[in-house]
Amino acid sequence: MSPEDFTATIGLCQFLPGPNVGNASIVLGKKWFGLKGSIVAFLGFFGLPFLWVLALASLYGEFALQPGVKPVVTGVAAAGAGLFIGTAIKLGKPIARKPWALAVLMACFVAVGIGRVSMLIVIPVAAVISYLLAKRGLL
Amino acid sequence: MNILLELGLYFSVLSLLSVGGMPSVIPEMHRYVVESRGWISHDDFIEMFALGQAAPGPNVLISSLIGWKIAGVPGALVTLAAMCGPAAVLSFWVAGIWDRLQGTQWRAVAQRAMAPMVVGLIMSGGFVLATPGGSPDWRLWIIAAGSAWAMVATKLNPLWMLAGGAALGAFLFR
Chain F
1 MSPEDFTATI GLCQFLPGPN VGNASIVLGK KWFGLKGSIV AFLGFFGLPF LWVLALASLY
61 GEFALQPGVK PVVTGVAAAG AGLFIGTAIK LGKPIARKPW ALAVLMACFV AVGIGRVSML
121 IVIPVAAVIS YLLAKRGLL
Chain E
1001 MNILLELGLY FSVLSLLSVG GMPSVIPEMH RYVVESRGWI SHDDFIEMFA LGQAAPGPNV
1061 LISSLIGWKI AGVPGALVTL AAMCGPAAVL SFWVAGIWDR LQGTQWRAVA QRAMAPMVVG
1121 LIMSGGFVLA TPGGSPDWRL WIIAAGSAWA MVATKLNPLW MLAGGAALGA FLFR
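Taken in order, these protein sequences are the chains called F and E. In this text, residue positions in the first sequence follow the working numbering: the first is 1, and each later residue adds one. In this text, residue positions in the second sequence follow the working numbering: the first is 1001, and each later residue adds one.
For the record, the hints were derived by calculation from the structure and aren't laboratory data. The C-beta atom is built at its ideal place from N, Cα and C for all residues, glycine as well. A hint or two may mislead.
Computed cross-link-like contacts, DSS-like style, restricted to lysine-lysine with a CA-CA straight-line distance of at most 27 Å [unchecked claim]:
#1 F:K31 x F:K90
#2 F:K98 x F:K70
#3 F:K135 x E:K1155
#4 F:K36 x F:K93
#5 F:K90 x E:K1155
If you anchor each label on the Cβ, the simulated ranges turn out as follows [claimed, not checked]:
#6 F:P67 x E:G1134: 24 to 30 Å
#7 E:Q1105 x F:L65: 53 to 59 Å
#8 E:D1099 x F:W52: 43 to 49 Å
#9 E:V1094 x F:R136: 22 to 28 Å
#10 E:P1136 x F:G47: 24 to 30 Å
#11 F:W32 x E:I1097: 29 to 35 Å
Stretch by stretch, here's where chain E covers chain F in the computed footprint (C-beta under 8 Å, at least three residues) [to be verified]:
#12 14–28
#13 33–47
#14 55–68
#15 72–79
#16 83–96
#17 119–125
#18 128–139
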């Protein structure tokens, strides 16, 4: 597989809905071995981590009520939330100078993050508006 | 409705809405399982999120941890399958078409249209996770801001940010 193919595949998987790595395993598996390849790649990718994370969660359950555990977990989750914000800032940099892009971004944030409107409504509406804006070269 | 069936149906819809990957649907997942259905508490959700972040493996496993908390091992299997399944079927189909769309205007427009939505949704996820019940707690915000800064300004492995969060959490939430 050439680096260009790889980049194109990753681009596709980031574009499609769904977990990126899950999609990548499907697309790459299909490329080389068809449907069987997709299924095997998918199971290979998720099988062990799935068992591992459940084992970890069960183990955690044993310790969850010990004093001192909850503050640590709260801190880890807050740091994880920070990683989301960091990701958003990194992804947002290239579009930050476009006023319409900022408007769509803020509208999504206000609706979903603050207003807690269901994404089942927000995504379709935002997608149509965003697509129309992009088509006119505003994004 | 049977809880497994409802989990499966709901996460299948999320699968198709997860533009930009799993982080985009975290706020919706939280809204549904914590605020709307009340299956688990905000603290439960946060615990599973923290475990999923800290554990090795793809981040979509956070959804199976949440399924596990709601309905045990069957819940974990159902949510993972539902979160990946519909998107996987779509990828399988689209994989062939995508190459042919290379360089077409439609593809470029669709990609540009998605970017600001994805950023707004991921930002929402960070905000919802760090702001339980919509009421700000400066300790959570300080940890989140520190980790966001480290991610933007340095090339550190994100595990260091989680470790820093653990240390600060142990100190601030004693």
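Status of the hints after comparison with the structure:
{"no.": "1", "hint": "F:K31 x F:K90", "in the structure": "violated, 31 Å"}
{"no.": "2", "hint": "F:K98 x F:K70", "in the structure": "violated, 42 Å"}
{"no.": "3", "hint": "F:K135 x E:K1155", "in the structure": "violated, 35 Å"}
{"no.": "4", "hint": "F:K36 x F:K93", "in the structure": "violated, 40 Å"}
{"no.": "5", "hint": "F:K90 x E:K1155", "in the structure": "holds, 12 Å"}
{"no.": "6", "hint": "F:P67 x E:G1134: 24 to 30 Å", "in the structure": "holds, 28 Å"}
{"no.": "7", "hint": "E:Q1105 x F:L65: 53 to 59 Å", "in the structure": "holds, 58 Å"}
{"no.": "8", "hint": "E:D1099 x F:W52: 43 to 49 Å", "in the structure": "violated, 35 Å"}
{"no.": "9", "hint": "E:V1094 x F:R136: 22 to 28 Å", "in the structure": "holds, 25 Å"}
{"no.": "10", "hint": "E:P1136 x F:G47: 24 to 30 Å", "in the structure": "violated, 41 Å"}
{"no.": "11", "hint": "F:W32 x E:I1097: 29 to 35 Å", "in the structure": "violated, 18 Å"}
{"no.": "12", "hint": "14–28", "in the structure": "holds (count 12)"}
{"no.": "13", "hint": "33–47", "in the structure": "holds (count 5)"}
{"no.": "14", "hint": "55–68", "in the structure": "holds (count 5)"}
{"no.": "15", "hint": "72–79", "in the structure": "holds (count 8)"}
{"no.": "16", "hint": "83–96", "in the structure": "holds (count 12)"}
{"no.": "17", "hint": "119–125", "in the structure": "holds (count 3)"}
{"no.": "18", "hint": "128–139", "in the structure": "holds (count 6)"}
The structure fails hints 1, 2, 3, 4, 8, 10 and 11 (numbered hints given earlier, in ascending order).
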